[in-house]
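K.L.:
Fit chain B to the supplied structure of chain A, relying on the hints for placement.
Residue-level listing of the chains:
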Amino acid sequence: MRPSPARLLNILVPVKRAVDYAVKIRVNPQKTGIDTNVKHSMNPFDEIAVEEAVRLRERLKTHVKSIKAITIGPPKSLDTLRTALAMGADAAVHVQHGEEGSAGPEPLSVAKTFKAWMEKQKEGNKIDMVILGKQAIDDDLGVTGQMLAGLLGWSQATFASKVEVDVEKKQALVTREIDGGSEELRCSLPVVITTDLRLNEPRYASLPNIMKAKKKPVETISPADLGLDYTPQLELLKVEEPPKRVGGGKVGSVDELVEKLKEAGITAV
Amino acid sequence: MFQTRTILRCQRQLSRAYATAVPPHALVFLEHRQGVIDSGSLSALTAAEQLGGQVSALITGGEDHVRDLVLKAKKLKGLTSVLHSSSPQYVNPLPETLSPLLESLLSKSSSFTHVVSATSSLAKSVLPRVAAKLDVPAVSEVTSLSHDTSSNSTTFTRPIYAGNAIATVRAPASIPVKFFTVRSTAFSPAQLQEGSEAEVVAVNPVQVNEPVTEHIKTTIAKSDRPDLGVATRVVSGGRALKNAETFEATLYPLADALGAAVGASRAAVDAGYADNSLQVGQTGKVVAPELYMALGISGAIQHLAGMKDSKLIVAINKDPDAPIFQVADVGLVADLFEVVPELVKKLKT
Chain A
1 MRPSPARLLN
11 ILVPVKRAVD
21 YAVKIRVNPQ
31 KTGIDTNVKH
41 SMNPFDEIAV
51 EEAVRLRERL
61 KTHVKSIKAI
71 TIGPPKSLDT
81 LRTALAMGAD
91 AAVHVQHGEE
101 GSAGPEPLSV
111 AKTFKAWMEK
121 QKEGNKIDMV
131 ILGKQAIDDD
141 LGVTGQMLAG
151 LLGWSQATFA
161 SKVEVDVEKK
171 QALVTREIDG
181 GSEELRCSLP
191 VVITTDLRLN
201 EPRYASLPNI
211 MKAKKKPVET
221 ISPADLGLDY
231 TPQLELLKVE
241 EPPKRVGGGK
251 VGSVDELVEK
261 LKEAGITAV
Chain B
1 MFQTRTILRC
11 QRQLSRAYAT
21 AVPPHALVFL
31 EHRQGVIDSG
41 SLSALTAAEQ
51 LGGQVSALIT
61 GGEDHVRDLV
71 LKAKKLKGLT
81 SVLHSSSPQY
91 VNPLPETLSP
101 LLESLLSKSS
111 SFTHVVSATS
121 SLAKSVLPRV
131 AAKLDVPAVS
141 EVTSLSHDTS
151 SNSTTFTRPI
161 YAGNAIATVR
171 APASIPVKFF
181 TVRSTAFSPA
191 QLQEGSEAEV
201 VAVNPVQVNE
211 PVTEHIKTTI
221 AKSDRPDLGV
231 ATRVVSGGRA
241 LKNAETFEAT
251 LYPLADALGA
261 AVGASRAAVD
271 AGYADNSLQV
281 GQTGKVVAPE
291 LYMALGISGA
301 IQHLAGMKDS
311 KLIVAINKDP
321 DAPIFQVADV
331 GLVADLFEVV
341 PELVKKLKT
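Order-wise, the sequence lines are chains A and B.
According to the numbering used here, the stretch in the first sequence is residues 1 to 269, in order.
According to the numbering used here, the stretch in the second sequence is residues 1 to 349, in order.
Covered stretches of chain A, as calculated for chain B (at least 3 residues, CB under 8 Å):
#1 16 to 25
#2 101 to 110
#3 171 to 180
#4 234 to 246
Honestly, the hints are just simulated from the structure, not real lab data.
Every value quoted in this text rests on a predicted model; they were computed, and no experiment measured them.
No residue lacks a Cβ here, since even glycine has one placed at the ideal position from N, Cα and C.
In isolation and in its complexed conformation, chain B is listed as follows:
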């Protein structure tokens, strides 16, 4: 069985070598929440555009949302076509129900050479599942890329070891469809462009009879503040905030004064001071805002992996030897319970 597979792969490689160069055609999995396009997906679109070929977006969901979204999406800069598919099964999308649709879109006759998405929890669940079915790898959290049309190979860079090393990998021509997810902080989101009008293509949904997995409910943590993943300013708290009450009482006024999103270290989340969805780090969200304020955060490797690409890092910590000071542009050694209220007051004057 394996032997036949190798032979097939070799043939593919050979035929590609003699054929004229295949222009790239990316399929971007465009995600939305309740009809609002995710900012991460817009970054994925920018990354897809950098491949230098056609870019198609795929929108899935319930009928109402998809109809509105298509109208918005077709005006996005760089898009050549918008594929959409609606089904009650896509309202609460599951990998088990979405992957058959992707597989049918990527079947042998398709012109897609790349499948691109944000590094979202949904895309991370779906894309590798589809890639495995097509017998190809999936490259995660890409921070830069370049495509060489003559060799039909794409080169990616991505952080490994919690961002402590950067790997450069090449997906050669032998990989017919190259799957990758994009680290959204590394690519600016695609904008709407006046006058651009992508072609709209309806795709029949692929109904899954008796899916093996059933969605029961989704709970989204509510907040009036900007979304952590896309905020230009982030105020983050660590274990030194003592408890959930002092976390709120100390951090929220500062975040509100700056119009910032609130983040937390893993220690603060594990101790129950803040919700899981606020965690910044290798295992949480990766952010790269204009301003990142780390309050009472020591700066463990796993936390730094999630924020060290921020433009300006400010750290306030009692411990002058805390590793966070090695990356902070501005550090203040002080008791945060004393200085944060003072800071809020002085910022407002």
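Chain A on its own, in the form it takes in the complex:
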């Protein structure tokens, strides 16, 4: 008797090209956004998402059928996809949209894009798990994953710090960071997971893997191919510098420090 065919997992990892986290950003003179002529890299939370997908395959071996990365953005976003491929994704999808420096689509449009793309996948390639970063470090909204789960009606586990998958049972056991502690959930597949910083330590892509990534397939599509239009619902009126905080200088000793604290009305309780 032949063993029943093993369940196979298809993972989708959405990634975003964002201004590098170490860059000190500057608001542009027109107050329409920030100066984007700076170093960009993959959103740090998305790196963790890619890493988690790759680690799942390392743990579950052949149970993971595919890891696909997807991004929406200008031609340069391809670099971000190549990074994901070099880290271990098998294939990538580039939804080409906008010019360098232009605003990306709103999270709801992003979620609709992923949903539309997923619905186009053939039987056998249907996505069972989407792993996203918990937020992009540029807009700091942190809503895309939840919106996607809502649109799909899937189970969701946000701010994940630990993920275990039982492919046979079609379940994921997720520990998530919540205010004041943590929470454990049992999610049925298909599931949307968003990553907390503590989930893992992303690997660096090795040079051979970077070379190999150049040969991996990248499918390029447009929002129109998916029947989507990215007209924003919200109007961005302006972007400004936050009020500057000026340091008050230094003191020379603990006594002076205590004095300053007392001046501010702060004493021991």
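P.N.:
Chain B in isolation, oriented as in the chain A frame:
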């Protein structure tokens, strides 16, 4: 499909333009932990009040907690009504079980124009899920807002790029229900008011059969100190604290002397000196206490995003060039292991 949607949206916009102005009616998702109303939710209430219309609160949970909470909540200043719904499914709330309730409350016939909550881990999980179902955006971590009744639009400001820029966005009339979460440090918490008595409305829970997600357990880090998110004083430690033992031994006496909550930088959390729940920063908690003491913290962008709205910032660091000194009101260049015990002693005298 898309075309029909655009047409619908246009129609909505047009009909609104001709109709008389719609007064705002906010639904505040009032959170609690074991029957105690979260301070963040009280700030959300204040923000909702600033819209200038009716404010309703929604309380969900197990039957016992909800009964007690309703009695407290109806006395809150600014509330016009308290909606409550209890179900065993809401005891350990999950987005998958809570969102159907919110969706039914926000169905076409409802008068709600805004959905407001604190920027808590639960609300952050639930609200966007519901917003997507209603095909509307969700605005996160709002620091100020104003509503224009004549155009039925709401304008929000919110920090972006880890607080290094402030964006002003307008949610126009074409968005029938405006979802937003509130940065609690930007709004003072709503108070109880003698004599105010909001109307109490029971809402039937929406039972979810065989939910796709199951809650297994919650682990809350225990502490005798004030809660980090609402403390008026915070003492925070960084990587320079060396290890978990010295973190405790150095910071806790000072925190106790000041009656302060303990916080930590991401470096200290990642190195295992302090629990995750103590992290202050873009990816952790955002605090704005009266006093923030940063000990052995260099002041990376991501950390500053979580504390730079504090009233008085005090920094102690060995490195005179540490970026934290650029924002600190009082800086002391010194070895913290030497000066912190001295500081504790001198504060107490």
